[in-house]
Each structure stands twice: as C-alpha cells, then as structure tokens.
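Colleague: Given chain A's structure and the hints, the job is docking chain B onto it.
There are 2 protein chains.
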Amino acid sequence: MSGWVAVAGLGPGADALITPEVTMALEEATDLIGYAPYVTRVAERPGLTRHPSDNRVELDRAAHALKLAAAGHRVVVASSGDPGVFAMASALFEALEAGPAAWRAIDIRVLPGITAMLAAAARAGAPLGHDFCAINLSDNLKPWALIERRLRLAVEADFAIAFYNPRSRSRPVGFARTLAILRETCEPGRLILFARAVSTPQEELRIVPLEQATPEMADMRTMVIVGSSRTRMIDRVAGPILYTPRWAE
Amino acid sequence: MSGWVAVAGLGPGADALITPEVTMALEEATDLIGYAPYVTRVAERPGLTRHPSDNRVELDRAAHALKLAAAGHRVVVASSGDPGVFAMASALFEALEAGPAAWRAIDIRVLPGITAMLAAAARAGAPLGHDFCAINLSDNLKPWALIERRLRLAVEADFAIAFYNPRSRSRPVGFARTLAILRETCEPGRLILFARAVSTPQEELRIVPLEQATPEMADMRTMVIVGSSRTRMIDRVAGPILYTPRWAE
Chain A
1 MSGWVAVAGL
11 GPGADALITP
21 EVTMALEEAT
31 DLIGYAPYVT
41 RVAERPGLTR
51 HPSDNRVELD
61 RAAHALKLAA
71 AGHRVVVASS
81 GDPGVFAMAS
91 ALFEALEAGP
101 AAWRAIDIRV
111 LPGITAMLAA
121 AARAGAPLGH
131 DFCAINLSDN
141 LKPWALIERR
151 LRLAVEADFA
161 IAFYNPRSRS
171 RPVGFARTLA
181 ILRETCEPGR
191 LILFARAVST
201 PQEELRIVPL
211 EQATPEMADM
221 RTMVIVGSSR
231 TRMIDRVAGP
241 ILYTPRWAE
Chain B
1 MSGWVAVAGL
11 GPGADALITP
21 EVTMALEEAT
31 DLIGYAPYVT
41 RVAERPGLTR
51 HPSDNRVELD
61 RAAHALKLAA
71 AGHRVVVASS
81 GDPGVFAMAS
91 ALFEALEAGP
101 AAWRAIDIRV
111 LPGITAMLAA
121 AARAGAPLGH
131 DFCAINLSDN
141 LKPWALIERR
151 LRLAVEADFA
161 IAFYNPRSRS
171 RPVGFARTLA
181 ILRETCEPGR
191 LILFARAVST
201 PQEELRIVPL
211 EQATPEMADM
221 RTMVIVGSSR
231 TRMIDRVAGP
241 ILYTPRWAE
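Residue numbers (our numbering), protein chains in the order written: chain A, 1 to 249; chain B, 1 to 249.
Next comes chain A alone, as it looks inside the complex (with noise of 0.2 Å):
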C-alpha cells in the first residue's frame, strides 16, 4: 500500500510557523481533508485536491482521510495549531479503532505543530513557564461537572491555565461560569491573557486582572491563559511581558 495520512499542524496562522515537516507533507499529496478555514490556508496546486468540510464532522473527515489512503491516495489532514491538541489526531485514532481492520495497515504519521496557547504564550512572554495545564471549555463531547471539576483541581493544584474553546455562539455560558468559579478561588489580581487571532493581522492581546475580566473577552478566536498565584507582569513602555518564574517558594 502506497498511500498515507499525515495529521498535519499548521500552527496558530503565519506561514513562518508551518514546520519544514509539515510544508513536505503538503506538497507530496494528492488530497486535503479538513475543516474549511484550515484547508484554504493552504494553495491550490495541480495534483492536489482539496476537500474542505464543515465544523464538528470529525469522525466522518478521519474516515474519508483513511479511506483515500487505503485506496492508494496521499492525505494530509490539517489541523490548525498542533494535531494533538484538541484537534484531529483523536479523531483520526478513533475512527481508525473503529473501522476495518485493514485500516491497520495505513501509514500514519501525526506532524506536530505550535499549538495556540505556546504561540499566545510567546506573545505575551512567558505565562507557561511554570508547571500548566490545558483544558477544553467546550461540553460538546464531556460534561460541565467534569470541566468544573478539573478547573476546581487545576486552581488548587496552583497550574497556569490554557482554555482552549472558550466560548462560541452556540455556548455563550460555560465561560461566564468559568470566570464565576475563578473568582470564587483566587485572588482578585491574578493575571489573565486574551489572546486572539494570534500571528495573524487580526492578533489582539489583552492582560487583566482576573476582577476586570469579562465574557465578553473572549470569542472563538481567543485563546485565555490564566497565570497561576506567581504570575507577574513587567511594564514596558512597549507593552507589558506576562510570565511565570521558574521558582516557586
């Protein structure tokens, strides 16, 4: 069997952060599979064919993937920011698990990519400096409980916070609710990043302190880090540097 899939990241928007790896797998095959947006990142050319879909079509857009490869074909699946993060690599497995077992056979490479919040992270300075985690806000596919209990552990256990998905039209509530158990369990001043759009022309970042943060703040383009209780800020008059010392205690 000739064909392969490689779950490509494409990075957070700026070509200057496409992998070598990943501009190789690009130009050696023959089909794109991906959420649209992501699929006209990357330029039309003889030879390759490009098959945008919509939103949350995931396990139907991994399966299509393998079958092409199966059939011979030469398949990126793109992701934007890092495939391994909230993005099509789980997919790809899950519908891999799930399907013929000559699927099995399929070379499958995952091509890694700079995921939102290191490319937000950069931007601002150096908030994940410190031991972090990243949690998906989006219920779509696990309850609010587990997402209230894994922030609730999270503030206890004193990490940096990336939330991926933090709001959207069709779930206007959950980070409002996040913002809400925030305040119940730190402090006033602790620091949080908006960071939206980010190495596109569209970038926006914002800082403030966890009493001035809103709803509002945040859109689907947005990626929000919350420093842990040692995070600081540097003012400059070129813009202040959010960052997470490397000590602790």
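No wet-lab data here; the hints were simulated from the structure.
Only true hints are included.
Which chain A residues face chain B? A few, computed with CB under 10 Å, are given here:
1) V22
2) V85
3) L118
4) D158
Note that beta-carbon positions come from the ideal geometry of N, C-alpha and C, so glycine has one too.
Modeller: The following block gives chain B in isolation, referenced to the frame of chain A:
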C-alpha cells in the same frame, strides 16, 4: 537601539521541526547564546559568534543576552523545544525584571517551537488529545512537596500528564517516588509512554502499563507521558498507537 533578543525554540532535535521564523532569526543574529548542546546544533558562519554555556547558569546567560542587545547586538537565545516551556524565556524575564531599567527598552521576542511533549505525543499517536497538564519533575527550583501535591491533584482531575526532566544523575530518586505515587492512585493498567530523544537518530519509544514501569526507563533525554484513565492503545503490526479520545463519560 537596533539590538534585539529573540528567545527561540529549536524544537526537539530534527531540523524539519524548526519553524521558518526561528531559522530567519538565526540568519540575522550576530550572537547565539545557550546551553552548549543547543548552541552547537546551529552551524557556524561568518558574522555569528556562538556563546555556549553550561547547564544551570540560565540567569547569567539571560543577563549576557540582554547586555549584548543593549549594546546593539542581535542575539538569539537558543532553547530546545519551546522556549516558554521549562526553558529560557522565563529566565530571561527574571533577569529583565531584576536588571537595569534601560533593559526594558530592548526589543525582545519569544519565538515558539515544538515542545518535547507535543513531539513525543505525535510520534506515539495522540495521548494529549484530551485535557492534560505538564509538570517539571526537577526539584532544583521548587520543593518536592509541591511536585507531589500537583501530581496527586492532576491524577484526581484525570488529566493526561506530561513529565519534563523526569530523572537525571543528580536527581535519581524523584521519578521513583513519582511512580510510587502513581501506583497508589491509578489502576495498574494505566498506560505510560517513555519517549527518548524524539526526532533524533537515537529516538526510542516504549509504551508500558504502570505496573511494568520502572525508574530506569527514563533518563535526561526522556519525555514521560502518563495517560488519563481514558487513554487507549490500538495494536498494529507497525507498532502500537497511544491516544486519548476526545469524548469523556
């Protein structure tokens, strides 16, 4: 002031995992500062002075970079992986905060890279495909009691857990203690990935259930990822895939 500092992530080892943004900064730099094994990953060229240093002198290295930039040099501080994850970015900002006020006018950028846990996860499948945390097991800069507390809370939250710096010659016991705590708090079949020297010719991957894990499976070049209770394995002739599904409960 025309000097600058770019704290740049060289990724886990392979050149194909270095972003074009980092490559461009290295081409423009007059000075390259970092732990010797990282500095020597960048080829010598006329116009570039390489300043390799020992391990554990992060603050000296950071101050050196800021001094050179203040004098007009274009300085890359090289980290492996991502500079914001248990690497040089926080050290640089600690030095900046403690240093002369004039340093705050220096142009400082953090250039993200592929951090070890994401490279290791990609090679094994997608073990970080659901909520996860990252804990540095080195107790050089924090008390062991804090590490243990975070570990217990992370298990209670059912995060997948990525351990950086699990074990070294100067810290031989911490990882043994970590495994003992995991044995107390997790089921014996909990899956653990030991990923050594990912993306280099020395790469070795090993997936074992907790009951078979031993401290000797990790060394200074190993990334350890402990799955959540949901993390699964898919058997294949070409080698197993380790992944955490997107859904929970």
